[in-house]
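A.B. asks: Listed here are the chains, written in short residue letters.
Number of protein chains: 4
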Amino acid sequence: MRVKRIKTNLISFKDVRVRFSETDNLGIVWHGNYVKYFEDGREAFGREHNISYLDQKKNRIATPIIKLICDYKLPLHFGEIAKIETTYINTPAVKMIFQYKIINSEGKLVCQGETVQVFVDFNGNLHLKPPPFFEAWKFKKGLL
Amino acid sequence: MRVKRIKTNLISFKDVRVRFSETDNLGIVWHGNYVKYFEDGREAFGREHNISYLDQKKNRIATPIIKLICDYKLPLHFGEIAKIETTYINTPAVKMIFQYKIINSEGKLVCQGETVQVFVDFNGNLHLKPPPFFEAWKFKKGLL
Amino acid sequence: MRVKRIKTNLISFKDVRVRFSETDNLGIVWHGNYVKYFEDGREAFGREHNISYLDQKKNRIATPIIKLICDYKLPLHFGEIAKIETTYINTPAVKMIFQYKIINSEGKLVCQGETVQVFVDFNGNLHLKPPPFFEAWKFKKGLL
Amino acid sequence: MRVKRIKTNLISFKDVRVRFSETDNLGIVWHGNYVKYFEDGREAFGREHNISYLDQKKNRIATPIIKLICDYKLPLHFGEIAKIETTYINTPAVKMIFQYKIINSEGKLVCQGETVQVFVDFNGNLHLKPPPFFEAWKFKKGLL
Chain A
7 MRVKRIKTNL ISFKDVRVRF SETDNLGIVW HGNYVKYFED GREAFGREHN
57 ISYLDQKKNR IATPIIKLIC DYKLPLHFGE IAKIETTYIN TPAVKMIFQY
107 KIINSEGKLV CQGETVQVFV DFNGNLHLKP PPFFEAWKFK KGLL
Chain B
7 MRVKRIKTNL ISFKDVRVRF SETDNLGIVW HGNYVKYFED GREAFGREHN
57 ISYLDQKKNR IATPIIKLIC DYKLPLHFGE IAKIETTYIN TPAVKMIFQY
107 KIINSEGKLV CQGETVQVFV DFNGNLHLKP PPFFEAWKFK KGLL
Chain C
7 MRVKRIKTNL ISFKDVRVRF SETDNLGIVW HGNYVKYFED GREAFGREHN
57 ISYLDQKKNR IATPIIKLIC DYKLPLHFGE IAKIETTYIN TPAVKMIFQY
107 KIINSEGKLV CQGETVQVFV DFNGNLHLKP PPFFEAWKFK KGLL
Chain D
7 MRVKRIKTNL ISFKDVRVRF SETDNLGIVW HGNYVKYFED GREAFGREHN
57 ISYLDQKKNR IATPIIKLIC DYKLPLHFGE IAKIETTYIN TPAVKMIFQY
107 KIINSEGKLV CQGETVQVFV DFNGNLHLKP PPFFEAWKFK KGLL
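Protein chains in written order, with our numbering: chain A, 7 to 150; chain B, 7 to 150; chain C, 7 to 150; chain D, 7 to 150.
Note that these hints are calculated values from the structure, not bench results. Treat the hints with care, since some could be wrong.
Just so you know, same-sequence chains aren't split out, so a pair can sit in one copy or run between any two.
In silico DSS-like links for lysine-lysine, alpha-carbon gap of 27 Å or less [as the list claims (entries may be wrong)]: (1) Lys79 to Lys63; (2) Lys114 to Lys63; (3) Lys147 to Lys79; (4) Lys64 to Lys144; (5) Lys135 to Lys89; (6) Lys135 to Lys107; (7) Lys42 to Lys89; (8) Lys101 to Lys73; (9) Lys79 to Lys135; (10) Lys63 to Lys144; (11) Lys135 to Lys20.
All figures in this text were calculated on a predicted structure; none of them were measured in a lab.
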């Protein structure tokens, strides 16, 4: 019997250098700024795997974030270079799920998180079925 | 039989006005900026209930956030005034847990979330027992 | 001979409380965050004197900032409440000029600055004459 | 007669990609975020020319910004990659002056600006003479 092997997750890496303005009173990256790093990771993923915010806009679709989770393990300091590992989690739901790991220069896990996005049109109506551009992308990537 | 009645949660309210710089390309508050609103709510709670970041600093203790959750329900737009409801969730664990609801001017739930904080000394060592200032605060507030 | 006395400047005051996330590694407000305070001051001015960003949008006009100057005198710390004094500087040029003073709780000048804005339509074309809504506002305020 | 030729300015280049979170309601980079780009440029300069914030900290010196000027010429949009040109302006004054040009991908000038920094010790006292580490740096760079 042949088993259909599907690649269910895609991954992308992006380095970020901690900005001075991202640190706080305690000398470490302010916890809210990790949300920017997640976005950096997601955008780098989009560029690498050809699914971008701009594509969405062209298709008159927005993909607002409906859930954010962030678990903090270790601090990051000014000047450190961290690696963001962004993984697309394949799901039959009409959603885009990304998971993130932020790794410091010693290879230690600093933070991990997840975002969930849905599809809405420019009038704010939720898409209950995957928009065609997204189906096409999943097909191309072997995710269907 | 007497039952010990303890007030287990404390609550605080704070209004925020959406800044222009907090909105994004889609004309709504960028999702990462809700983390600032949670912090505004937590600080307002601290001022109202006498447990502040500055107290912590005086006691040479920092309270880093180890977990952040945020569920987004509706967008907020530039100029809107939103109410942040911050609730301290009492726990025997050596942690501070806050839950947040952000309510728009029509009384609708825009976002809800949670943060978890731990206690560390200025060398970064985790406190495994509640620091005395925190025990004193809980006692005073009827939370022990 | 009667001399026409015109009130040439308008002023507005707004308090801001320094957010934790606005401070940096040095424990003071990161210098770039004063730009947000200027915006807070400008928006408060607009609400008080009835000239708002939303009016501009309704008139299909945007008022991008073309110049920003900021002179820093003293630091601001987490938790401090500062007063922003925003002054509209009347000018015959087709511009909006605001000057700002940020005063700490001891009444000392922390920072002063200026912004200059022009009028553009939604295609990005510069208005060479004052848009009617702005002329009407100036007339009403005795600034013509 | 021999004329002493001194190299009076040093320059550094750094690319930045516009983050989604840096854009505003108008779909362009919010004007206050250019201050971050200037800082990115200044830090890149420091890494290239061996004069860093961390050196300053090691020497127990801080270099707060006392003046910021920014002239805006053109907007930047989400996803654009801009080049920051940072020039150190040599001066006999006990100051560090940097000038910035931000250039878009079409080679057009988007923004230019300047920052001025002074030297203070960790008690907040202004240095009236250049600190030794700074003199050493200038000497090494042929700026004395």
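A.B. asks: Honestly, which of those hints from before does the structure not fit?
C.D. replies: The structure breaks hints 3, 5, 6, 11; every other hint is satisfied.
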